[in-house]
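Peer 1: Listed below are the residues making up each chain.
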Amino acid sequence: MDTKNNGNIRHVTGIAAYGAQLAGLVGLWWLCQLCVRALDLPVPAGVIGMLALVVLLASGALPSRFVRRGAGSLLDHLLLFFVPACMTLLDHKELLSVTGLKLLAVIVVGILTVMAGTALIVELHFRGRTRHVR
Amino acid sequence: MSVEHPGLFWFTATLAAYVVSRIVHHYTKSFLTSPLLLTCVLCLALTVGLHASYREYMRGGQWLLLLLGPATVAFALPIYEHRALLRRYWPTLVLGVGFGCALAFGGTWLLSGLLDLPRDVRLSVLPRSFTTPFAMAFAKDVGGAPDLAAVCVIATGILGASLGGMLLKVLPLRCALARGAMLGMGAHGAGVARAREIGDEEGAVAGLVMILAGVTCALLGPAVALFES
Chain A
2 MDTKNNGNIR HVTGIAAYGA QLAGLVGLWW LCQLCVRALD LPVPAGVIGM LALVVLLASG
62 ALPSRFVRRG AGSLLDHLLL FFVPACMTLL DHKELLSVTG LKLLAVIVVG ILTVMAGTAL
122 IVELHFRGRT RHVR
Chain B
1463 MSVEHPGLFW FTATLAAYVV SRIVHHYTKS FLTSPLLLTC VLCLALTVGL HASYREYMRG
1523 GQWLLLLLGP ATVAFALPIY EHRALLRRYW PTLVLGVGFG CALAFGGTWL LSGLLDLPRD
1583 VRLSVLPRSF TTPFAMAFAK DVGGAPDLAA VCVIATGILG ASLGGMLLKV LPLRCALARG
1643 AMLGMGAHGA GVARAREIGD EEGAVAGLVM ILAGVTCALL GPAVALFES
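Protein chains in written order, with the numbering used here: chain A, 2 to 135; chain B, 1463 to 1691.
Derived from the structure by calculation, the hints contain no laboratory data.
With a straight-line cut-off of 30 Å between C-alpha atoms, the simulated BS3-like cross-links for lysine-lysine are:
1. A:94 - B:1602
2. A:103 - B:1602
3. A:103 - B:1631
4. B:1631 - B:1491
Using the sequences and the accompanying hints, generate a full structural model.
Peer 2: This is how it looks when you write it as structure tokens:
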């Protein structure tokens, strides 16, 4: 009974901590959004918030356990947040045509070029550097 | 047909589609059932079936889109946790991002010119390798259509995450750095999610590369606009 109660309490505080962490991340982003609007910066608020959080974590002002669960779950479900952007297809029926097919070809060939090029140059540079170290 | 509470309905429907997609993907493990692709297909089918418009869908969808900002902030955690790796190999990563951006812009511009696409479409597809907020800002700067840019970005993400999985089997990549950089540069958010499935290190590198590439894109936008005018 006692242990079950303890478990329940831990469960509740766990959820509360998780909610607070999520709220903290949303709050930080919102603050950055206000700054971006006020100063008319060309960089999205998310990136400024990320830099700010890296600085907070690296300086030790904020121990990483205070954001780990909230940040982890946002990253785990990253794909979900892209779904609405995908729905813009509803407003672009003209893409279901030859232009759409051409666009698809550009995208597929482009992806293969960028991916193969980036991966190979990083791999080669990495191998070159590790050989020097040895 | 219209739904009574469109905001709540589409929000819940998207979440439900997402949960179903994750479960299906867990059992099939095929790239055809990748959660992003399957969720999008399910939601598109539902909106078309209910004759809902994009605006109606977004009454619920906007809340999810809004979370993309805090999710970007969350990338601070993996970057912080892998700071030793990043400190040691930052020249390699900068090289990869620089080369990747050159390929992304150059390749897309040449290919779309080769296929004779209209100029406004070419300008909108140009930032397709960069994560949504940067790409939309870029398209706006250079005179393309931001929402068309968003479609191209998403297509790149979905296709890139799948093509990346295949490329990983073909290319002789021994280091996590190359695998992560490839997915982060080639397929931004969806690629990062894929990289996180492969490994922690890959995920952190992909996240950082995606952000570095995005910042490069954000800085290039006004420069290109200036050059054009």
